[in-house]
Amino acid sequence: MKALIAAAAAVVFLAMAGASAGAVPGGTAAITVVLPYFAFLTLSVGIAWRVWWWAASPVPYRIPTTCGQQRSLPWIRTAPIDNPDNRVMAAIRVAIEALVFRSLLRNSRTHVAAGRLVLSEARLLWLASLVLHWSLLVILLRHLRFVLLPTPFFVPPLDALDGFLRIGAPALLITDVLVVVALIYLLGRRLVNPLLRYMSLFTDYFALLLLLGIAVSGIAMRYVAPVNIVAVKEFALALTAFHPVVPAAPSALLLVHLLLVSTLAIYLPFSKLMHFGGVFLSPTRNLANNSRRVRHINPWNSPVPTNTYAEWEATNADKLKLAGLPLDEADRVR
Amino acid sequence: MRPTVSDKPVIDIELNAPKGDWRDAHVELRRGTFSNASLPKDLIALGLPNPRKWQPTDLDWQLPADWKGILLRGMQERLAKYRSFRLFMDVCVRCGACADKCHFYLGSGDPKNMPFARAELIRSVYRRYFTLSGRLFGSLAGARELTEDVVKEWFYYFYQCTECRRCSIYCPFGIDTAEITMIVRELLSLIGVSTHWVTEPAANCYRVGNHLGIAPHAFKDALDFARDELRELTGLDVEIPISRKGAEILFVMPSADYFATPHYYTLLGYMMLFHEIGLDFTVSAYASEGGNFGLFHSNDLMKRLNAKIYEEAKRLGVKWILGGECGHMWRVLHQYMDTMNGPADFLEVPVSPLTGTRFGNAASTKMVHICEFTADLLYHEKIKLDPSRNDEYVVTYHDSCNPARAMGLLEEPRYVLKRTCNHFHEMPAKTIREFTFCCGSGAGLGNTENLEMRLRGGFPRAEAVRHVREAHGVNLLACICAIDKATLPTLMDYWVSGVQVAGVHELLGNALVMKGAKERTTNLRGEPLAKEAANA
Ligand code: SF4
Ligand code: SF4
Numbered sequence: 001m002k003a004l005i006a007a008a009a010a011v012v013f014l015a016m017a018g019a020s021a022g023a024v025p026g027g028t029a030a031i032t033v034v035l036p037y038f039a040f041l042t043l044s045v046g047i048a049w050r051v052w053w054w055a056a057s058p059v060p061y062r063i064p065t066t067c068g069q070q071r072s073l074p075w076i077r078t079a080p081i082d083n084p085d086n087r088v089m090a091a092i093r094v095a096i097e098a099l100v101f102r103s104l105l106r107n108s109r110t111h112v113a114a115g116r117l118v119l120s121e122a123r124l125l126w127l128a129s130l131v132l133h134w135s136l137l138v139i140l141l142r143h144l145r146f147v148l149l150p151t152p153f154f155v156p157p158l159d160a161l162d163g164f165l166r167i168g169a170p171a172l173l174i175t176d177v178l179v180v181v182a183l184i185y186l187l188g189r190r191l192v193n194p195l196l197r198y199m200s201l202f203t204d205y206f207a208l209l210l211l212l213g214i215a216v217s218g219i220a221m222r223y224v225a226p227v228n229i230v231a232v233k234e235f236a237l238a239l240t241a242f243h244p245v246v247p248a249a250p251s252a253l254l255l256v257h258l259l260l261v262s263t264l265a266i267y268l269p270f271s272k273l274m275h276f277g278g279v280f281l282s283p284t285r286n287l288a289n290n291s292r293r294v295r296h297i298n299p300w301n302s303p304v305p306t307n308t309y310a311e312w313e314a315t316n317a318d319k320l321k322l323a324g325l326p327l328d329e330a331d332r333v334r
Numbered sequence: 335m336r337p338t339v340s341d342k343p344v345i346d347i348e349l350n351a352p353k354g355d356w357r358d359a360h361v362e363l364r365r366g367t368f369s370n371a372s373l374p375k376d377l378i379a380l381g382l383p384n385p386r387k388w389q390p391t392d393l394d395w396q397l398p399a400d401w402k403g404i405l406l407r408g409m410q411e412r413l414a415k416y417r418s419f420r421l422f423m424d425v426c427v428r429c430g431a432c433a434d435k436c437h438f439y440l441g442s443g444d445p446k447n448m449p450f451a452r453a454e455l456i457r458s459v460y461r462r463y464f465t466l467s468g469r470l471f472g473s474l475a476g477a478r479e480l481t482e483d484v485v486k487e488w489f490y491y492f493y494q495c496t497e498c499r500r501c502s503i504y505c506p507f508g509i510d511t512a513e514i515t516m517i518v519r520e521l522l523s524l525i526g527v528s529t530h531w532v533t534e535p536a537a538n539c540y541r542v543g544n545h546l547g548i549a550p551h552a553f554k555d556a557l558d559f560a561r562d563e564l565r566e567l568t569g570l571d572v573e574i575p576i577s578r579k580g581a582e583i584l585f586v587m588p589s590a591d592y593f594a595t596p597h598y599y600t601l602l603g604y605m606m607l608f609h610e611i612g613l614d615f616t617v618s619a620y621a622s623e624g625g626n627f628g629l630f631h632s633n634d635l636m637k638r639l640n641a642k643i644y645e646e647a648k649r650l651g652v653k654w655i656l657g658g659e660c661g662h663m664w665r666v667l668h669q670y671m672d673t674m675n676g677p678a679d680f681l682e683v684p685v686s687p688l689t690g691t692r693f694g695n696a697a698s699t700k701m702v703h704i705c706e707f708t709a710d711l712l713y714h715e716k717i718k719l720d721p722s723r724n725d726e727y728v729v730t731y732h733d734s735c736n737p738a739r740a741m742g743l744l745e746e747p748r749y750v751l752k753r754t755c756n757h758f759h760e761m762p763a764k765t766i767r768e769f770t771f772c773c774g775s776g777a778g779l780g781n782t783e784n785l786e787m788r789l790r791g792g793f794p795r796a797e798a799v800r801h802v803r804e805a806h807g808v809n810l811l812a813c814i815c816a817i818d819k820a821t822l823p824t825l826m827d828y829w830v831s832g833v834q835v836a837g838v839h840e841l842l843g844n845a846l847v848m849k850g851a852k853e854r855t856t857n858l859r860g861e862p863l864a865k866e867a868a869n870a
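Protein chains in written order, with our numbering: chain A, 1 to 334; chain B, 335 to 870.
Derived from the structure by calculation, the hints contain no laboratory data.
Model, not experiment: these values are computed from the prediction.
Accuracy of the hints is not assured; some may be wrong.
A short, non-exhaustive set of chain B residues, derived as facing chain A with CB atoms under 10 Å [as the list claims (entries may be wrong)]:
#, residue
1, 355
2, 475
3, 550
4, 676
5, 698
6, 699
7, 710
8, 742
Once the Cα atoms are required to be at most 25 Å apart in a straight line, the calculated DSS-like pairs of lysine-lysine come out as [said to hold, decoys possible]:
#, chain 1, residue 1, chain 2, residue 2
9, B, 402, B, 415
10, B, 648, A, 319
11, B, 353, A, 2
All C-beta atoms, glycine included, are put in the ideal place defined by N, C-alpha and C.
Only chain A is shown next, with the shape it has when bound in the complex (with noise of 0.2 Å):
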């Protein structure tokens, strides 16, 4: 419970933080200029460093989960994605992975009724997970008209997509209620299952808090107190230029926008948000399972002290006549 009440009041102070900017002299100069300059190279930086962190490291063992059959004998059928027996399936695993959460589809849920265990289908995690991805993805392509001149092609047909509804004007945007969805349904989980609540950490709120905090800020600014598209866009196209221009009296809500969506950027190479890494460079993933007929090279294979024959021979010399085996000694006084 700590940790939720300290995440939200971290997101609800640095959303009146964004909020009260405009009041404080050269605060919309910070959130507009500043900021999003020193979040972008954090960001970049700090991912950049951690993926090389991580890619470093070596991996000595070759130690893939297998999840179906292996290829052993030709005329048994394999299961060439789940178990891949080389590089290639490696690679389509993780892309599989990574596109459509593969291992979250397995899940189920287990638990003990009346002393039985029983086991039922559990899906709902991995819908959740794969909408917020997938929503937060085309948010983010279609975030590009603001920054990018001319409009990348695919973004008017993105959003066309997006709002096909066409509910209400502006035209509602399906990702937007999604993403909004997803999120909540997420908090809630952590929230009503008890063994979430008992692990979950600051991080696990505030990551979800900020982005309810972004999504929620950027949705009103299309439908509850409109903001000036033209000007807004002006202004990015102004920043990602480098001829950065603090917009005149902007709303509130944009400011606000900015302010979380700067922290995320900040916060995300230090956070678990990272987790995507995990997808890619997981050794239990990104490996063959072809351990037996590729050998792999262990870069720090270091020397350890064995017991050889030769002296496991002499010390047990005396057992080894007594049952008559044959001795190595034997041969070498011959």
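Following the hints, position chain B with the ligands against chain A.
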């Protein structure tokens, strides 16, 4: 030893909402739920640090003065050596997908047995000493001080993980708590904290050649005994060559196969098969252990014990190696041996002398699993079977964790089973193959003092067996693992009585039609065959 009825703990399984804060490291060591400490003699024999007389229930564990420094430097070293460790310390999102997947959580209801909770026990220490946020924000960032209580907690919970990898298949990032357990056990071994059930077999294996410490002459006696028994059973002289130079194949099995029941019947099965097909093979008195309890202690110890297999293959001048039925042994052979002690360039790519099948999947290690070998024989119709000799059995198959999740050896044993018996039924889909539930006694936990926790950990597996017992009258649980054979009988007795445990090659031995053999009236256990029983 199998416990008698009066030893039976009373176990109620209930999963309640966790109470308290997981950061509180204090554990209550309850009898029946932990293993005894290593004895000094075994640590000395293996040259391991801090040998002393102690028990986990002692207040003072007699840790070395600089225990904290040793552990932190050990962590630092392993963060540099293992990408798995470095990554798994960072990327968990606590989504909880793994939470209810661990048999120890399901059987004990102890929230610290949830895989992600188990991992947090060290992750919190990692945060405190190796990350900026942990140093700055402490417990708010999920960081914990490394204290003696934490050491005791690690000992308790990382010896309540059977390194089964079930959690890993559900994790979106492939986080393998078994890998974390292996590393924490390795860390604990640096300050002399380990268990008797792991280090004694390891010391025996190192000095004498096998876990049980069976000296060469006793090893020979055991095999002679099997030869006599097979003569009685089949009327044939089934020779078992020991340390014979120039044989084509070195056969390596877990030592329990020649010294424990029901493993022993599997040994009979292998030997009948080798005799029938006229295999040019030898076993070894030096490499008389395929199992490797080093795996449950540290990677170095695993490597030290494993080294003798290649050394012996080279000395005997065999062409390739065949391995018997054992789960953790195959984890080592499949994923570690070649990397650790290879290259096996003095051996040849395994080719079945009967079918000519080239085992390309073992082209580098040169070691083939007996189920692969036998399935190939059966596919090519090289042996004759009479499955009706197994008619008294209604069989189901337990996938051992390691062959399932660290190899993918799923179909081969099933193929052999379906040819050797007429009545076979699978357990529910979510409890077999890659989803298999552990026996609850692997990774060095299969001792008597830990019995309650074993029975709890084996509960999910037992429940799945009960399901097929009720639905199809299953009375035999087949498996290909020495630890399973040692511990599943106890588990079955407790939760689902009336189910026996057998190796796949025991059933093969029952069904095998041997040239020149006398009519069989009993199975390998000496029990009358179903048709004999019907006639009587
Ligand atoms: S499934 Fe993986 S990411 Fe999720 S809680 Fe478990 S270990 Fe962490
Ligand atoms: S490896 Fe097995 S025993 Fe260990 S935490 Fe995972 S599921 Fe539990």
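Structure-based check of all given hints:
no., hint, in the structure
1, 355, "8 Å, holds"
2, 475, "7 Å, holds"
3, 550, "5 Å, holds"
4, 676, "6 Å, holds"
5, 698, "5 Å, holds"
6, 699, "4 Å, holds"
7, 710, "6 Å, holds"
8, 742, "3 Å, holds"
9, B:402 - B:415, "20 Å, holds"
10, B:648 - A:319, "23 Å, holds"
11, B:353 - A:2, "15 Å, holds"
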